[in-house]
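With chain E's structure known, arrange chains W, P and A on it following the hints.
Residue numbers (our numbering), protein chains in the order written: chain E, 300 to 645; chain W, 300 to 645; chain P, 300 to 645; chain A, 300 to 645.
Identical copies carry no separate label here, and so any pair may be met within one copy or between two of them.
Straight-line C-alpha distance at most 30 angstroms; calculated DSBU-like pairs for lysine-lysine:
| id | residue 1 | residue 2 |
| --- | --- | --- |
| 1 | Lys360 | Lys577 |
| 2 | Lys360 | Lys488 |
| 3 | Lys341 | Lys488 |
| 4 | Lys577 | Lys304 |
| 5 | Lys488 | Lys342 |
| 6 | Lys304 | Lys341 |
| 7 | Lys341 | Lys577 |
| 8 | Lys341 | Lys393 |
| 9 | Lys342 | Lys360 |
| 10 | Lys488 | Lys577 |
| 11 | Lys577 | Lys342 |
| 12 | Lys304 | Lys418 |
| 13 | Lys577 | Lys548 |
| 14 | Lys360 | Lys393 |
| 15 | Lys302 | Lys341 |
| 16 | Lys488 | Lys418 |
Hints listed in this document are in silico derivations from the structure and should not be mistaken for laboratory results.
The primary structure of each chain is shown beneath.
4 protein chains.
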Amino acid sequence: MRKIKIGVIGASGYTGADLVRLAACHPGMDIAVLTANSHAGKKMAEVFPHLASVSLPPLIKNEEADWSDVEAVFCGLPHATSQEVILGLPRHLKVIDMSADFRLRDPQTYATWYGGPHKAFELQGEAVYGLTEHYRDAIRRARLVACPGCYPTAVLTMLLPLISAGVIDPADLIIDAKSGVSGAGRSLKQNILFCEAGEGLSPYGIASHRHAPEIEQELSLVAGRNVTVNFTPHLIPMSRGELCTIYAKLAGPATAADCAATLSDRYANEPFVSMAPKGVLPSTQFVRGSNNVMLGVYPDRIPGRVILISTLDNLVKGSAGQAIQNFNLMFGLAETLGLEQVALFP
Amino acid sequence: MRKIKIGVIGASGYTGADLVRLAACHPGMDIAVLTANSHAGKKMAEVFPHLASVSLPPLIKNEEADWSDVEAVFCGLPHATSQEVILGLPRHLKVIDMSADFRLRDPQTYATWYGGPHKAFELQGEAVYGLTEHYRDAIRRARLVACPGCYPTAVLTMLLPLISAGVIDPADLIIDAKSGVSGAGRSLKQNILFCEAGEGLSPYGIASHRHAPEIEQELSLVAGRNVTVNFTPHLIPMSRGELCTIYAKLAGPATAADCAATLSDRYANEPFVSMAPKGVLPSTQFVRGSNNVMLGVYPDRIPGRVILISTLDNLVKGSAGQAIQNFNLMFGLAETLGLEQVALFP
Amino acid sequence: MRKIKIGVIGASGYTGADLVRLAACHPGMDIAVLTANSHAGKKMAEVFPHLASVSLPPLIKNEEADWSDVEAVFCGLPHATSQEVILGLPRHLKVIDMSADFRLRDPQTYATWYGGPHKAFELQGEAVYGLTEHYRDAIRRARLVACPGCYPTAVLTMLLPLISAGVIDPADLIIDAKSGVSGAGRSLKQNILFCEAGEGLSPYGIASHRHAPEIEQELSLVAGRNVTVNFTPHLIPMSRGELCTIYAKLAGPATAADCAATLSDRYANEPFVSMAPKGVLPSTQFVRGSNNVMLGVYPDRIPGRVILISTLDNLVKGSAGQAIQNFNLMFGLAETLGLEQVALFP
Amino acid sequence: MRKIKIGVIGASGYTGADLVRLAACHPGMDIAVLTANSHAGKKMAEVFPHLASVSLPPLIKNEEADWSDVEAVFCGLPHATSQEVILGLPRHLKVIDMSADFRLRDPQTYATWYGGPHKAFELQGEAVYGLTEHYRDAIRRARLVACPGCYPTAVLTMLLPLISAGVIDPADLIIDAKSGVSGAGRSLKQNILFCEAGEGLSPYGIASHRHAPEIEQELSLVAGRNVTVNFTPHLIPMSRGELCTIYAKLAGPATAADCAATLSDRYANEPFVSMAPKGVLPSTQFVRGSNNVMLGVYPDRIPGRVILISTLDNLVKGSAGQAIQNFNLMFGLAETLGLEQVALFP
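For reference, chain E alone in the conformation it holds in the complex (with noise of 0.2 angstroms):
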């Protein structure tokens, strides 16, 4: 088949590796150009050992990356990097960012969450929020895709329909999250030393992490009204995974079973979205590797509640399987086109 030629900004995050180890069994996929400030003038053998059995081009600064026969780029540079680096691309290139930088819709929200003002929110009009089981019709007219974080995946694909179905109740949302240590990212911090991450457990980022107004701003278009969520993220001592446990109050005369009933109907037809098989809670190792996410619904001890819980891979389905999904739509392709892998485990 025709294969597609794409480029990777910001090829030596854990977020751009896992996009090249995916893009390289893709068949239609052909990567010509990865950049990395860093690292430029590297193989990416040298920076991923992992990738040294796949024939990749070398490691070159932004700058140095000619795009002319590039169709594609995918963004995994930190949050609030990638926005002028994105600007400043030819328009011909169609654009799938990893990073948060154009997920919020709200120029005030992002400064607020962010630090200071967005550098390139004129291309927020134009962004597309690349949830794909939710906004796949977008995504497929889209130049710019705006991938959402892991955790705001995990939670919306859960809370999205049952919001929608009104089977739950928006205003008591109680979210405890938790996930492994690649969603820290490759940079040097103290906290993510194997010895200081591994065995043991720990929150982080308690009602101040950055996911929350990203799915407060998805969760209240679908609700109608503002929507305040507690969102609690727990750093795991596992490398990859990501389970989220949603505490719910049910709307009404809604029942667990409602709520089952719900999902397992919205996402019948899905390819990467599915309720946990009979007798199997969900875990963090039956996804891992893969682009899938696995959900289950349980009823509380406490009459009128239920608990969500929703688990996928972060650098997968939380970030560079995703991003491919979206590219795949975006290009015409089948949307499962690249993402086959089953889940390795053990």
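Just chains W, P and A, lined up with the frame of chain E:
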């Protein structure tokens, strides 16, 4: 100092072994009897080689034990098996039970949650609930102490003072609990194999964990009304440690700062309970191997709500350590004796 | 392309499950039969929820299988149980055995190391040792392939070319082997519980591991003399991966550089075997989930000696991946078909 | 008992912290001074929250320390930085150095392996090598003790008696060493991030690790000839613990049983060194957190060879624990004082 002869019944589980680990360094204890029916005839060092450096009696069957010189017995048997064994012990023995058998005061609740009627409920009236900081006087006078479960210790240490002070609403408590794998014991089960529990995270016992009624019993006593909690545990890929993230509603005008002040005051003179140092979030790493509980209080972004975090080592303050703390009280010793070990980090 | 119907016998072990993971994405395979006597009647997703996204036949008993349309069978049964099962299969089936039953060519050696006489030794003459890169032609023609053990694959991939080229001395080989816990299988054993194998490291099977005679058999054939090796395995707290550090004496004037050149030449055109990139030491992380072997050669400080490092994923190139590589050869397919997955890191 | 005022220089590394952990429970120590130039002004609990339960002096800069009442100093600075600091200390202080600066007796060897000339070599003559069980008398009289590296402690504890007894050949020693990640310290380096070091295994410092010359120095002294060893370390995904698998040639008619007997005799009365119990293989889990070394001896299948296994906790017997053991000797205290902690398992 005088050495009190002690026995450990069920010494071949993790709880029993951790009791032995601590007892071996306790200046007022002499380990005289170790029983483990399935390993009778072996040396403890064969069953737990990390204890090889300690001089210990051989493992024998329960019925072979000579209790005549022994003054105190710690019981580390599985739930439902300790009740009859304890009933059969000579009455001169003080008993510190680390199982769940004497924790629930109501026979019906016991039968409902533990799958059948209690076989030694006549002892329940005598049993004192061994949450040391909250039942100290009764423990001093007790012959039989029922040490709390690990989760209840973490949760009640946090919630009892807050409910007692009226700063949180006992009607809206959501407890997201996370435990290391040692909480599941040493029996062979597939879900606790390294390859199953490692590099991943899974919920378990949703809305059906036996620590829920234990927590509710104690909260109800203090609240003066029936309390039902949401209690959702998760298995974390670490051996030791436990952390509970509790989502609560503030009562009336109370603030998170009020909660923090209540706890600081309540535990100001407690050697084993403390607030997280400034700038530090409670993490299991900081209490591993020690008898400490570390608490933290954080305002929620949702007005009128608060996030409460409590962490401890499930085998120490959550079991064997608290058992020794109670022993110290029962024999008039300094409460911290043999429990001075600092947490092991990294 | 044409889909060849395959069966997996013993699909409920880690090896069987990894075969299914890879087969599900293989464009030339159709999984028609899955057997697992102890789980017959269940869905595969109940036994391995990470496979829930794949459409698979139910698990049945071996004797219930209808092999009439099936062309190839992969056998993932434990050692000593596959021989009789394979003997009982219809002769039209090509068989790729992942157990140890047909690896040893000498009945006496088998009986010595596996505790009793072989029950299907008549098939041994037919069996081809499935170390793909070294028995390719014979595998193409084989009906029954005995896939090597995981350790032998790592060791022989390194040593066969070096002994063949005469650059190392086969009389002085010390193999310090390290494996993740999945190498021990999914059966319940105390030493592979998370709390026993985690946060620690232990040797096992010292001077008695069954992969030693298998390694010696193949080395002896190439060396033209009886070779005895030191082989000492260690259990490492990780799920997947295996690394062998081999200490060897250089033959005559040969150097470490000669060893490296020998390997580079030998494997220049092999898709799954490569030298570590410049500046990179072989690590299990770099091959996890892939069918790759990564090799490294280092001069010892002791003159005349060399340090050889070989790493692979025990469940892939060490088992299910190599099995599929052999299947591809046996059916005239491209050898890399279905094995293009890049390593999963982190 | 009398409390000896001590200081810890470089208290913000893992070694310094573990010294504090042990010293806090040592009945003959009073921690009077803690220095950490990069964290001066902070509380220790901010830098190491697991020490929050201990009352400690604040962290200050080295030059701010008042040493007048202090009798002993432990130095946990990185290699090459402690020499000048120790040179500048008042001479009334007894110094226990945990760095490598005073371990090598030969200035040229030091310069070769540590990248430049020593800056305080005049102190080397005074320094005693602090391998307690082998230099006990000299340590008792020493003012400056250079504690051995973690690997040398494990290796020399095993090999010194065997070479001394003439049962193994010092000319053919292969040491395959495995360490947990804490051995690499708390400084920020990419290879010790959780996602890099977790779920995987990698060799490092092949034929170039600085513990090799230290091992060779001590072996040569006992062997009465220059000894060169193969020393190949590996990074294991665990925080604490170290295990060395040593492959040796038996001398003349000696057997593995002779080796075991030699070690049993030599260490019969040593509190911290023991042979693995019957049926147990030495594992890091069994010594974690304790000052113990566990040894095992196994016959190789290759005639005339033996496999020797030695394991310890790199931060305790491999550093801070042995430092305190030496302190006890230097001050005439019971050698086990403050070191009675049993290993923490699981």
